[in-house]
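Q: Spelled out from the first residue to the last, the chains are:
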Amino acid sequence: MINRPAVFMLWLREMKRFSRSKSRIIGSLIMPLFFLGFLGLGFNRMAVPGVAPGVDYLKFLVPGIIGMTLLFSSTMQGLSVLWDREFGFLKEIMVAPVSRLSIVLGRLAGGVTTSLIQALLILAISIVLGFRVRGWTDLVVALAFMLLISFTFIGLGLIFASRMRDIQGFGLVMNFIIFPLFFLSGAFYPLSNLPWFVRSLSYVDPLTYGIDGLRGAMIRSSTHSLVFNLAVLAGFAFLMTSLGAFFFEKSESV
Amino acid sequence: MDAIFAEKLTKTFKDVTAVDAVSFTVPEGELFGLLGPNGAGKTTTINILSTLLHPTSGSAFVGGHDVRRSRDNVRKTIGIVFQDPALDGKLTGRENLEFHAMMYGLGREERRRRIDDVLALVELTDRARTLVEKYSGGMKRRLEIARGLIHRPKVLFLDEPTLGLDAQTRRHIWDYIKKLNREHHVTIVLTTHYMEEADILCDRIAIMDHGKFVALDTPARLKDILGGDVVNMEIEGSAAALESELRTLSWIKTLGLHDGVLTMTMEKGERRIPELITLAQARGATVACVHLRKPSLEDVFLHFTGSTIREREADARPSRPMGGGPHGPGRR
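Protein chains in written order, with the numbering used here: chain A, 1 to 254; chain E, 1001 to 1332.
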């Protein structure tokens, strides 16, 4: 059922494309860096209500920006099916005698790798700006959260890509799904500052648990426990990738 | 066993029936052509046979495998060269072929050998390390044909293989196609809207119009249907009176009037021309030009559909917006 050479090849293709599009890598890092630089340094000396005492704003922000980077890069990876359809390459993939599951796994593998590379680049830059990771175990737990966030949103991107005919709907998805998910996740501010009816929406946003989990792992300051965040996020990741695979399997490729 | 067997194959997009109850068989080793204007349903037929689209109704078997139920077996049997490029521009020529070979489960040694072979066949060996986005249209097409051959398919689909290529490259590709079919016994199904291409290459041709097969036979027999020679007579002024008189004559087998040109078929055309001119003069029509030739597939198409393929394409254009509709983006 799972065709390993095909999964590997789809992953390798993504790596080659990624390494050859320097402008894409730089472009995808610029926005998070601006947020990190201007917000992080600009607000660093201010006391933001809801942020635990002893945690300065830059520290609070770094996990949020990493979550944001993963949200955007992973969704884009899921939606990249649309570009393959637009440029015809999807047909080449779809007529190959490999199970549709292998194709989805190959895409997931490629997408997760490129998203993690981008997130780790942001982390590296944060460290240059003064952020500190306490130790290897924290980093491993944080990586687990990054992985799950990435799976969740590649799945989400795949769902939309399978339901849409062309790239026209791309802007709609970005403005009506991705940006709300981002603002509801508490990447920039503690959710306790939001009015209750907005906050209740935050609780159905997978990224909320991802970012809270990253904060728990990296700065030891979170709303929910690590285990709770991990369990909820794993549930979302499983649901989204399954739905993504299901809709991809159903979609017609021309 | 037949390479392809289709029965009452139908595909409907919303309210458009792109393929309308088409039935045909292609024996192994045949070079089969689907000829028709853009929008006739050729590409949709190929997409169904290659498992890219589900048929709305009817059934089809490729290499003995059901295109609905055993899709992976069909996929293993076929190779396909799409009408629009289906290459990854960010990969090199060789990497595109590597991708394909891996997807079809070839081992390392075999991959290397076959990729070298097909690159040599399409004369792209020295450009194999160039990114495909830097290739010309003809190079891309050749690379795609090479890719379609790597896994040695039993049935090869070629969707408009020479669309938009220059005359020299076109002849080149015709030679490959013929060679593949004759020497490697690959069953080939090609679509085209070039009459000449269909005539030169195909063992049998299905003429497709509005989703249906209007005729299916060898090129020679299709042309024989018209009987004898084609005489074109260009008339200055009104040709209507002359046309109605000509319709009463039994030796004129078919007759059509397009843009002031009367197109007729008849036996021993060269002996009938003086008579035609006399008749025209008697009806007060001025003959500007007379032209006699053996029938072409263009005439056959005209005979079966009542219009030339160019007129059909001019009709079809406004109703087919670019990059949208049921046929997907970028389809022509």
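Just so you know, these hints were derived from the structure itself, not from any lab. Where is the CB? At the ideal position from N, CA and C, for every residue including glycine. Hints are not guaranteed to be accurate.
[Said to hold, decoys possible] Residues from chain A that keep clear of chain E, each with C-beta distances beyond 12 Å, as calculated: (1) S19; (2) F87; (3) L129.
[Claimed, not checked] Straight-line Cα separation of at most 27 Å, DSSO-like style, residue types lysine-lysine; simulated pairs: (4) K16/A / K1294/E; (5) K1178/E / K16/A; (6) K22/A / K1140/E.
Q: Under the criterion that the straight-line Cα-Cα distance not exceed 27 Å, is the pair K16/A, K1294/E satisfied?
A: Cα-Cα ~55 Å, so violated.
Q: Is K22/A close enough to K1140/E, meaning Cα to Cα at most 27 Å?
A: Roughly 24 Å separates the two Cα atoms, so the pair holds.
Q: Quickly compare the C-alpha distance for K1178/E and K16/A to 27 Å and report which way the hint goes.
A: Distance of about 36 Å is beyond 27 Å: violated.
Q: With d taken as the least Cβ-Cβ distance between L129/A and chain E, does d exceed 12 Å?
A: holds, 32 Å
Q: Confirm or reject: S19/A is not an interface residue toward chain E, with every Cβ-Cβ distance exceeding 12 Å.
A: violated, 10 Å
Q: Is it the case that F87/A keeps its Cβ farther than 12 Å from each residue Cβ in chain E?
A: violated, 7 Å
Violated hints for the displayed structure, listed by number in ascending order: 1, 2, 4, 5.
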